[in-house]
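**Q** Since the structure of chain A is already known, use the hints to place chains B, C and D on it.
Chains as they are written, first to last, in this note's numbering: chain A, 495 to 933; chain B, 495 to 933; chain C, 495 to 933; chain D, 495 to 933.
These aren't lab readings, by the way, just hints derived from the structure by calculation. Where hints are given, some of them may not hold.
Since the list can't tell identical chains apart, any single copy or any two copies may satisfy a pair.
Simulated crosslink set (DMTMM-like; lysine to aspartate or glutamate; CA at most 20 angstroms straight-line) [stated by the list, open to error]:
(1) Lys879 with Asp868
(2) Lys879 with Glu745
(3) Lys565 with Asp609
(4) Lys831 with Asp616
(5) Lys565 with Glu867
(6) Lys879 with Asp922
(7) Lys565 with Glu750
(8) Lys565 with Glu898
(9) Lys886 with Glu745
(10) Lys879 with Glu898
The structure presented is a predicted model; accordingly, all values stated were derived computationally and were not measured.
Protein chains: 4
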Amino acid sequence: MVPRYSRPAMTALWEPEARYRIWFEIEALATQKLGELGVVPAGAAEALWSWWRTDPAIDVPAIDAIEAVTKHDVIAFLTWVAEQVGDDARFMHQGMTSSDVLDTTLAVQLARSADLLLADLDALLAALERRAQEHRYTPTIGRSHGIHAEPVTFGLKLAGYHAEFARNRARLVAARAEIATCAISGAVGTFANVAPEVEEFVADQLGLVPETVSTQVIPRDRHAMFFAVLGVIASSIERLAIEVRHLQRTEVLEAEEYFSPGQKGSSAMPHKRNPVLTENLTGLARMVRSATIPAMENVALWHERDISHSSVERFIGPDACITLDFALGRLTGVVDKLVIYPDRMQANLDRMGGLVHSQRVLLALTQAGVSREDSYRLVQRNAMKVWESDGKLSLLNLLQADPEVTAALPAAQLAEKFDLDYHLRQVDTIFDRVFGPSA
Amino acid sequence: MVPRYSRPAMTALWEPEARYRIWFEIEALATQKLGELGVVPAGAAEALWSWWRTDPAIDVPAIDAIEAVTKHDVIAFLTWVAEQVGDDARFMHQGMTSSDVLDTTLAVQLARSADLLLADLDALLAALERRAQEHRYTPTIGRSHGIHAEPVTFGLKLAGYHAEFARNRARLVAARAEIATCAISGAVGTFANVAPEVEEFVADQLGLVPETVSTQVIPRDRHAMFFAVLGVIASSIERLAIEVRHLQRTEVLEAEEYFSPGQKGSSAMPHKRNPVLTENLTGLARMVRSATIPAMENVALWHERDISHSSVERFIGPDACITLDFALGRLTGVVDKLVIYPDRMQANLDRMGGLVHSQRVLLALTQAGVSREDSYRLVQRNAMKVWESDGKLSLLNLLQADPEVTAALPAAQLAEKFDLDYHLRQVDTIFDRVFGPSA
Amino acid sequence: MVPRYSRPAMTALWEPEARYRIWFEIEALATQKLGELGVVPAGAAEALWSWWRTDPAIDVPAIDAIEAVTKHDVIAFLTWVAEQVGDDARFMHQGMTSSDVLDTTLAVQLARSADLLLADLDALLAALERRAQEHRYTPTIGRSHGIHAEPVTFGLKLAGYHAEFARNRARLVAARAEIATCAISGAVGTFANVAPEVEEFVADQLGLVPETVSTQVIPRDRHAMFFAVLGVIASSIERLAIEVRHLQRTEVLEAEEYFSPGQKGSSAMPHKRNPVLTENLTGLARMVRSATIPAMENVALWHERDISHSSVERFIGPDACITLDFALGRLTGVVDKLVIYPDRMQANLDRMGGLVHSQRVLLALTQAGVSREDSYRLVQRNAMKVWESDGKLSLLNLLQADPEVTAALPAAQLAEKFDLDYHLRQVDTIFDRVFGPSA
Amino acid sequence: MVPRYSRPAMTALWEPEARYRIWFEIEALATQKLGELGVVPAGAAEALWSWWRTDPAIDVPAIDAIEAVTKHDVIAFLTWVAEQVGDDARFMHQGMTSSDVLDTTLAVQLARSADLLLADLDALLAALERRAQEHRYTPTIGRSHGIHAEPVTFGLKLAGYHAEFARNRARLVAARAEIATCAISGAVGTFANVAPEVEEFVADQLGLVPETVSTQVIPRDRHAMFFAVLGVIASSIERLAIEVRHLQRTEVLEAEEYFSPGQKGSSAMPHKRNPVLTENLTGLARMVRSATIPAMENVALWHERDISHSSVERFIGPDACITLDFALGRLTGVVDKLVIYPDRMQANLDRMGGLVHSQRVLLALTQAGVSREDSYRLVQRNAMKVWESDGKLSLLNLLQADPEVTAALPAAQLAEKFDLDYHLRQVDTIFDRVFGPSA
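With the rest of the complex left out, here is chain A (with noise of 0.2 angstroms):
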């Protein structure tokens, strides 16, 4: 976790002493239902709310003392605890292990990390699609290979990126369906020593489901699920900021970061607006979705379980979800600033002498009984006149002039192909199919 990408709330999540009270939680809430079951004394469980109750510090550095001597977390809260409590806390962890504590905790850090990464997206998503309504029929030119195309709107490329965030969100439901489950079955998962009931009041109670079968642990395929998610997710962010950073170009400039007062692009070069911030979030991008591969190589730990995974997860569960969580929330503010020139959009798309209605014209030929190929030829060998001139000759004056050409389409219809509209009938069509049927 880097201080400078992180946001509050979720950084929360991850300190100790969130971490120690979900622990006690599930103490407590596994001691009540033994306490219901028979099997430790009903008083037990109360002891342990009634302290709770009084609202305690956690004290975080007492815990690591004890640790230090101990070399086994669980047990250094566990002592710490019954310090607190007294004599009733020896019933605490009855025919538990440890990592029943460790792994549902994981469990809920992760599902409570990926509601503030679905509030992040819905924050996204609605920027995204208040800034496509604005620019829905904003025209901009389409870019295949870096190369102007055809005519597109600056909505419809913010409508992709919206349906693209949208799929990311059902991802990530469906990553955190998989990985809110909770496991308190005993030291190799046969519930030897502590009943299946206790496991299902404990997910209830968190709003977890019972873990199908743990061996002591959680299976591991559930978070290599959830972080290759997330970096999915990321590697959508970085799609946007590349975007971004293309459209800020100095010779492109059709958007650009907001800028803001006061704020310097450059300690040498007073004239610099950078896009820092997409820049940024691209290599943002790259850290989270570095967490894919170590969170695969996590899930064959050896036979009942391995303790590998769990240094690998104390640096990817709180750097992948704070990270990704403050790359959201930068992404938002930037999709919302964004300034965007369509001024500049236009002077961009009418900067190549017409040459982005190549295509209709070769559609129109064809139509007109020219062969695919002929029409190829005639359309090509007038276009790169046009790129050659970096267009600043006309196509449409050149296809004019060539009486090859207009044997088959007289110089009006020729006019007809360069209508700008023509390329923005179906807006609204995808427009419907992203954001629903308009009224």
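**A** Frame of chain A, contents of chains B, C and D only:
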């Protein structure tokens, strides 16, 4: 694709001829719909289909030769088809762009690959269930950290893998749905020169759904998700493969890959029977997983598209699908024919002098009123003697001879805690979770 | 290996026949030395070599057929050779283990691959140097964050790439040295049944050095390092490819991939000339890089060896080498034939109204006694006007009209700061660093 | 950075204060040289240094507060220094760009980190050598595929790891040299406003070499190579960690991590002594390795630079260095205190009924004139009986009772082939290769 790690049905899906066949179908279907819409002559599609009904061979080298000149694969193919079909072929591809064909074809290939992989998973699940039921009550030692922990059954191990691969099946069903989209939307996805009805018709005929927003290309977050799911499945394969490798270790030898007559384990050491299939699966898992990151790097295409994803997909499309298909098949064979040694399992269970029952004694002591800390100390000091004797001492005997222990728990009660069946009481509960309630 | 991304010389190194030829050489050389040492009859090697001198074809299908029974590749090969050579062949492989042959063969293949890649790098370096010298003084805008910064020359850009690929060459030389080791040490590397002299002899004959400690296998950290170096080289290819893609963007168009007569940029848009080679290189770089992690995962083989690395290497050995060889060749062609537009570079340099000189003014103001903060503010407030005018205003004019500026720097001194040549004074210094001092 | 996986010396290198101290040194050294060159007043540097000699505390929160306004870290720092030093500070950073400071600082941090890591490797190598010599002749079974193969010594195992880490040391020395470069070349690397002499001076003072070609930034292929080397070292750590984990398995138990008094292996099972340090190292290795790909993705910065690399490096710079430092320290402790059980090694060696000698019998049979195929068959048929008896039968006895065997090799000659010392004859040869010739 490495021939020795491939199977014919999957490989066939990825061969040039298969690809060209799908290309033709897309082009012919689109032409058919364009004919219905009156954009091209109604007879154009019929000319294509009537040639197709002759079941023509696809002349891959001839197409390659054309591509060597045009440097454009789709144009090369269209040119070749035109040579076969004649003049009517010029209406093919009207208003479409190459990616309309390429991306929709990839969707078909991935969807069909997913179908094969789903069948593979079904076979694996069936094998796991059969062997799990067979060894539902076969006791074996559960191990955490590679160290004996407490008893489980071999069926429970396999049931856990069944649950994991059932999750993988569900993930793949979702990933298949994600990938099965059709784009026929033209150069920048605006349907400028091809009506959305064409896309809808082609999608429907091919069992796909129309892509929400395509931008010449189908967005690559879909493919990233697909390959990430393959990576998770591969990681689960690795987990089961490593389990088998561990079980076959000389000192453990609780199970063994089937070793066929005539097979040689080692060119130098005639005594060897090695778990080479599962070692091989471990490596194949690494390969399938390695497609994840490039697939994610493919997401951030520039503007409406660049073609950097294409070369990546020419590798990972066939490689990941073919290798995973082979690996699932191989794993199913391993599970199906796995030689299992219950006697050896029992012998291993017994070899630690009863240490595997230490937790029950710990719990009994705390329930008898000894503090948790003292209980742990009492059990640990006797357990460590057994440990250091390499199982030659008996934990029960030592405990029965420890007056501090017997003060709390009489010898007879201690003996009750060393009951293997106690650990297996919930086996049916867990099997019901995995396979549904037994009759 | 994808045929379209492969070249014959490199591909040939990785074909079965090439592998079998190396196998034979290793076996025959070892037999020869064993004969000298008196372990096997002196005539055994001679029988092998005399058959070899007949330049026999390697019957790959026959060997495959034997392997289908033995399930062991080396035994299958030895059996086939014995069928050809007769009784003397039984002395082959004496005291050796399969990995002695397999790992030493892989070393030979990787070393020879490295030699081809080094030649590729030399060709690329030559092309970069030629074009760098050609455009040593061609001014072009330097860009940070995609935004115009200050002038550089196009030759400087290429010189930087030359320096980077020269570093890559040095890395590959080191990686080749690491990988070029020979192991003939028997089943667990103890030379129990084969004397170290055999290893030394075979190593020497094949241009390798003996492996320090082999444990049946050559340790895989060597291979991990090798593939990591290929990954770094691929990343450098990506950097240059992306530079070209940027330069060819419609709005920039300072350079362009060579576009051959007859080539078609788009099936739909006849006007397109796309940077498809460098986009393709971007994707190929991802693939070569993706070998890095599986190669590192291969390091941790169990005990003296397991065979999980083998399937990985059957993929990444040929794939990474063949793809990188192809990519380097393609990149060299791109550099060699790159169409460079100095006029357009100058036009882009000029389009920002002199903003690129903002730093010099800033420095001059501070040197004239204005505080750094004030200097920055003065320059920035004028620069932002130019920025917002899209370069239609002139920074020099605005500054000369700003009395707070001219109070510190008179108009004439301001004008001096807008001198392009000022930025190019150290070009020769940098070229000397890269290419050595010019005469 | 996860505190529990960090050590103070390495962590200190990466704290904000340490970074700011290096920043100051670079700025002051550059100002000093600029003073010598007459570009700024000679007194400017002296003002900086005399403030510095007061050993001022770096007020990190104050600098952060300025950055919150300027959104530019270097400008914030310069502003803060100017507040401390006064008017002379305005000559700092003359002609430089932020990256001159940032990248040179990163070079210093990575070089110093490499120095710590090299010291770590030296400590590990010393521990490996000590334990290797201690167990030079301790026989133990060599295993391939997890299956008993032939005898080795425990010292040989450790000698192999020594050789591997010695290679890693050499790789890190090379990577350190690659990374230790200095760039003071201005906004686009042209030295337009800062003479190359300044770079040379700063480089020399800081123990760096001038970067060949910087383009505002130091090229990131250097960093990619550095992190790739850390990834390879991590992979070697994983290999040794997994070896220890295997040796500590209950059924093997040939070696064990030191288990300190008071330590608890499991909260639930008092009998457990788990290899948690090496399992932890396995996970840490995954994390260090995961920096490789983002570091490679950082190479392809746009044009003269974009800032996407920066956020990645804020994570992986400290994380990979700190984690690897911790891991090497932990591994050294594991090796140093490893509890080794030679008796158990011997017992395991003996448990397979002499199967480990099968190869020698095979060789003796072929040398006695039996064909290789027949020899293999004869040995395998007896070996398989021993295998199936789980070592209860004796291979020697069976062979001596097999008339087809004894027809070629009399019983006494067979017995000679079952000599353990035979396998250890070359131990000294191998030790000499690793540690140099013994006296």
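**Q** If a hint holds in the structure, say so; if it doesn't, say that too.
**A** Status of each hint after checking the structure:
1. Lys879 with Asp868: within (17 angstroms within a copy, 50 angstroms between copies)
2. Lys879 with Glu745: between (22 angstroms within a copy, 17 angstroms between copies)
3. Lys565 with Asp609: Neither way: Lys565 and Asp609 sit 33 angstroms apart in one copy and 30 angstroms across, limit 20 angstroms.
4. Lys831 with Asp616: within (17 angstroms within a copy, 49 angstroms between copies)
5. Lys565 with Glu867: between (76 angstroms within a copy, 15 angstroms between copies)
6. Lys879 with Asp922: neither (35 angstroms within a copy, 38 angstroms between copies)
7. Lys565 with Glu750: between (53 angstroms within a copy, 17 angstroms between copies)
8. Lys565 with Glu898: Cα proximity of Lys565 and Glu898: none, with 86 angstroms in one copy and 26 angstroms across.
9. Lys886 with Glu745: Both: 17 angstroms inside a chain and 13 angstroms across chains, each within 20 angstroms.
10. Lys879 with Glu898: within (16 angstroms within a copy, 49 angstroms between copies)
In this structure, the earlier hints numbered 3, 6 and 8 are contradicted, and the remaining ones agree with it.
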